[in-house]
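Chains A and B supply the protein sequences, listed in that same order.
Numbered per my numbering, the first sequence finishes at 222, counting up by one with no gaps.
Numbered per my numbering, the second sequence finishes at 321, counting up by one with no gaps.
Just so you know, nobody snuck in bad clues.
Derived lysine-lysine pairs resembling DSSO-like cross-links, with alpha carbons at most 30 Å apart:
{"no.": "1", "chain 1": "A", "residue 1": "168", "chain 2": "B", "residue 2": "221"}
{"no.": "2", "chain 1": "B", "residue 1": "210", "chain 2": "A", "residue 2": "202"}
{"no.": "3", "chain 1": "A", "residue 1": "168", "chain 2": "B", "residue 2": "230"}
No lab work stands behind these hints: they were computed from the structure.
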Amino acid sequence: MITAEQKPLDEIREMIAPYKRLLVLGCGSCVAECAAGGEKETSMLASTLRMAAKMEGQEKVIREKTLERQCVKEFVLLLDDMIRDYDALLSLGCGAGVQAVADMFPEIPVIPALNTEFLGETKDQGLWVENCLGCGDCMLYHFGGVCPLARCSKHLLNGPCGGSVGGKCEINPEIPCAWQLIIDRLEQHHGLERLESIYPPKDWSKKQGRGPRKIIREDQQR
Amino acid sequence: MSRLKSILDQGEFAVTAECGPPKGADPDVIVKKAALLRGKVDAVNVTDNQTAIVRMSSLAACALLKNQGLDPVLQAVVRDRNRIALQSDILGASALGIRNVLCLSGDHQGFGNQPQAVGVFDLDSIQFLQVVRRMRDQGVILGGEPLSKAPDLFIGAAANPFGDPFNFRVVRLAKKVAAGAEFIQTQCIYNLERFEKWMTMARDRGLTEKVHILGGVTPLKSAGMARYMKNRVAGMDVPDGIIRRMEGAPAKRQAEEGLKICAETIRRLKEMPGVKGVHIMAIEWEERVGELVERAGLLPRPPSPSPVPSHRGRGNPGDRH
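One chain only, chain A, in its complex shape (with noise of 0.2 Å):
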């Protein structure tokens, strides 16, 4: 999933002081399951921003609306009747989702209200880690399903480092580190002579050698 957090409220005023008339958007899909711009979070936004606007007493007009998914079209469409009475957008997608929505409505300014953090997993309650960079070329089966460029401090294929202590990262003790998860791993499942052989260097033309990435699937096409 992409993982999320909300903007400190403060930046949030400051970016929607122009408008009187904001629709605050939210997202049921990733940004939902990390609790910062599903449909509870952006009821709650909305209501903090009306309160806040009236004690200082601004005349705003401010709704609110949870999408099922900000990133696909055909969720976007159902603004199309409602998003003329607003003169901005205040967007609690993900970075895709903001501008999935700003290239649909080009003509109202689309605000984001989060910062978008990485892709990750739900750990546990309140707890969401990075563990894929999206590189486009998985490389988990040889690491035994603990990718190093996402979870390595230093992204190093062919780790650990001398910094590796107690299986903790010299970067910051509370972090694992991921070579030791690895080797740990591959020891289980008795693959550990897989690491004895150098990695060679990543390819990272199929991360960012051309511009943004597109996938294109004929079979899926109309």
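Let chain A serve as the given structure and place chain B on it in line with the hints.
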């Protein structure tokens, strides 16, 4: 050619030291450090923005040392340069007459004075070693394109026998040797017992036959420094016995005690099978290195090998064979 390589090839116990470049543009700092180290050591490593603190570039400081008649070891980290810049610097270093390179990952940018910097880590240290070795031996860059002239470099890597997981440490050493490392400089050794265990594992895998291992040492200046190294520097193993020895000395005599411990360590390393030299990392304490080398019984240094005719206009000794 590399003085370090010739010393090791002759079977002499090599002595290298470290020279940290200044946080500024003054070349005299390097000239002064060169004067302190000249004749006391065989080669001088120049750190590459160590602990991710911005300093004069390792390449420039190496060129300055070279002008002072020393044999510099270019430390090059993959933290700040992608594969294009790394390969370019390797060619530049060789062109300037630098004959040794130490391929490193580098301290994470989060530790230094530019924590907002992007960490490049395009190659890792092992991939970098492999790239440099192919540049030198096969005269090609990554991807196979030929060079008009191959770089002439003695190629080294670092090893930390004190990191975890311990059993994998020697596997990583083996990977560095397979990638092309010809010499190894280790992390500072205070725990000789653990170092010896690691050396035994290296010997058992036949690695000491394939690579020159130089044991790393750092003289302690004070008990406070010993405690700091133990508690704050990841992957550093300072046994309690060393700390007690430092604490046992009166404050004014602690530096002396640190040098004494270090000289003893060097003598022990010299006796250890497979250890081919010592690498002295006297952090901003270059003025005591000569004395330390003398106390360890390693002065005078063997004379420089007979001057080798210039390579200019001829093939490199390391070229495509």
